[in-house]
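J.: In case you want the letters, here they are:
2 protein chains.
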Amino acid sequence: MKFFDLVQDQIPQVEARMREQANGHHPDLEMAIEHLLNAGGKRLRPTVSILVGKMVDSHQERTITLAAAVELLHTATLVHDDVIDGSLLRRGNPTLNARWSPGATILTGDFIFARAAKLAAETESVPLMKLFAQTLSTIVNGEITQLFVSKGLISREDYFQRIYAKTASLFELSCIAPVYLADEDHHKMELMRKFGYEVGMAFQIVDDVLDFTSEQTALGKPVANDLRSGLVTLPALYYLEKCPDCPNMIKVVEDRIVSEEMVLKVVNAIRESGAIQSALDEAKEFVGRGLDALQQFPQSEERDALAELARFVVDRQI
Amino acid sequence: MKFFDLVQDQIPQVEARMREQANGHHPDLEMAIEHLLNAGGKRLRPTVSILVGKMVDSHQERTITLAAAVELLHTATLVHDDVIDGSLLRRGNPTLNARWSPGATILTGDFIFARAAKLAAETESVPLMKLFAQTLSTIVNGEITQLFVSKGLISREDYFQRIYAKTASLFELSCIAPVYLADEDHHKMELMRKFGYEVGMAFQIVDDVLDFTSEQTALGKPVANDLRSGLVTLPALYYLEKCPDCPNMIKVVEDRIVSEEMVLKVVNAIRESGAIQSALDEAKEFVGRGLDALQQFPQSEERDALAELARFVVDRQI
Chain A
10 MKFFDLVQDQ IPQVEARMRE QANGHHPDLE MAIEHLLNAG GKRLRPTVSI
60 LVGKMVDSHQ ERTITLAAAV ELLHTATLVH DDVIDGSLLR RGNPTLNARW
110 SPGATILTGD FIFARAAKLA AETESVPLMK LFAQTLSTIV NGEITQLFVS
160 KGLISREDYF QRIYAKTASL FELSCIAPVY LADEDHHKME LMRKFGYEVG
210 MAFQIVDDVL DFTSEQTALG KPVANDLRSG LVTLPALYYL EKCPDCPNMI
260 KVVEDRIVSE EMVLKVVNAI RESGAIQSAL DEAKEFVGRG LDALQQFPQS
310 EERDALAELA RFVVDRQI
Chain B
10 MKFFDLVQDQ IPQVEARMRE QANGHHPDLE MAIEHLLNAG GKRLRPTVSI
60 LVGKMVDSHQ ERTITLAAAV ELLHTATLVH DDVIDGSLLR RGNPTLNARW
110 SPGATILTGD FIFARAAKLA AETESVPLMK LFAQTLSTIV NGEITQLFVS
160 KGLISREDYF QRIYAKTASL FELSCIAPVY LADEDHHKME LMRKFGYEVG
210 MAFQIVDDVL DFTSEQTALG KPVANDLRSG LVTLPALYYL EKCPDCPNMI
260 KVVEDRIVSE EMVLKVVNAI RESGAIQSAL DEAKEFVGRG LDALQQFPQS
310 EERDALAELA RFVVDRQI
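Residue numbers (my numbering), protein chains in the order written: chain A, 10 to 327; chain B, 10 to 327.
The set of hints was computed from the structure by calculation and includes no laboratory data. Hints are supplied without guarantee of correctness; some may be wrong.
Note: identical chains are not told apart, hence a pair may lie in one copy or across any two.
Unchecked claim - Simulated pairs of lysine to any residue, SDA-like, Cα-Cα distance not exceeding 25 Å:
(1) K139 with D37
(2) K203 with G33
(3) K260 with I285
(4) K197 with D301
(5) K139 with L87
(6) K139 with A191
Because the structure is a prediction, the values reported are computed rather than measured.
Isolated chain A (complex conformation) (with noise of 0.2 Å):
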């Protein structure tokens, strides 16, 4: 895909900035950061910021920097949710914690926070690092709302609210900060604002459809997922509005001791629904406003792979 090729040069650049971030310290870092490395991800975030610090020319070297800051920082809060969830596989593949005890895990995710902090610092930018820091604060205040309130019934606000601290919070950031490593323009930062914003809440919405979509094998993760732990998502969302009494679905998000036989039941309804089409269409939306966003700059290879990028967001349930 040509959003991937136009920074084939840069991202190898991005996870050697990564890895050396365990050097001189404990040899279990370095093996445990190579572990996560090795993990696959797509890295879309530092590909969206490489793209966009091309677009606006933004000071290289510290691009890169920041695209591994955001990374890490990306890195760091997945690798904490897992030893929160006790997941042992991750695309596939094992997580830290499936091999390492809760303690060392934490630690890890710790000391990525940390290393991901001084790359921020390195970009030499105070506005830069203090988005970072809110950003982190976004992302984790998120994390404990949905610990303590969202389980259940939520309104489609709350979702909203919910998937901008999850996704499009860093979506913004990785598309904002190059901004500041350029000329600091604000009309520039508001555009890049907003495609951040539309692209990342679509992401995420096209996520929550594929836990609906998806075969255990295809995710790594069993279907429905989201469900199965009481997280209502957009899809269900549309489900309820079609057909607001649905006693099964509000039976197995509110109890959640519930039979594998209901579960596949209200996920059958849902996919029958045409909730997920709705759900997709909103998601279209969201990209699309975004790519209205992202049309104000002038013409160049990379908004074009930009805009390719966004499409894939929505394309990828193919």
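Given the coordinates of chain A, work out where chain B should sit on it, guided by the hints.
T.: Below, chain B alone, put in the same frame as chain A:
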């Protein structure tokens, strides 16, 4: 004590800055931060930063912000330590994880890290932020090393590395950082680094001594906690020098499945060997070197207060 008197106007400001970090976030985060702030702690690190700030005439508002950042960083590491160790009490108060799930406790620690990083960024000093992130890496790397390798018999060098990471690194930061918020004079920075290093090392040595000399009720934790968990500290190292074969002690720290009787036997042997006094003498030597560095600043009320604080660090066992 004089050193607390001199900062009595600033410490409430530091605490207010810490408290407001939960504003606008999940109410349980507010409760958690309130709980942590009410759980005591002498605010030694903020006191040090404010006294140094006054001595070198640093930007006052930013020094308050820095002091809050340092104390939050310290707090976040304690929150994660307690969840990793499964500790239910700290300073006689219930820990966060005594009341909450491990997941909620891990995320609260992450949130506090994020807010500490945000406050560090609000000092507007890039070198300070770099040092801040570096210090967090050092602390976490030390904990990981302790988790993986430092149990059982270790060298003095390993011990000093461990207590540097655990305690002295953050004391160093508390002392150097205000100089960044004044004139960034490298000579002053080096002197302050030395003062913070030496006093921080002494602080941890005395903590390690107190673990041997205190009874269960005073510290709010069982006596000889370190020894029981296989952690060799300076009094044990002195005892080993005096009595290199001491089979009981080697058994306690290496095997760690030993009777209460055996632990008490070893603790008594260490207490009676003069090792406690040797460790305290060494702590006093550290403080002496710290005071030598401090004396190179012109006399002032704040300098005298810092000297008093340094002496308090070794005298507090009385």
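J.: State for each hint whether it applies.
T.: Hints, one by one, checked against the model:
| no. | hint | verdict |
| --- | --- | --- |
| 1 | K139 with D37 | between (31 Å within a copy, 24 Å between copies) |
| 2 | K203 with G33 | between (40 Å within a copy, 23 Å between copies) |
| 3 | K260 with I285 | within (20 Å within a copy, 63 Å between copies) |
| 4 | K197 with D301 | within (13 Å within a copy, 54 Å between copies) |
| 5 | K139 with L87 | both (22 Å within a copy, 24 Å between copies) |
| 6 | K139 with A191 | both (17 Å within a copy, 21 Å between copies) |
When held up to the earlier numbered hints, the structure conflicts with none and fits them all.
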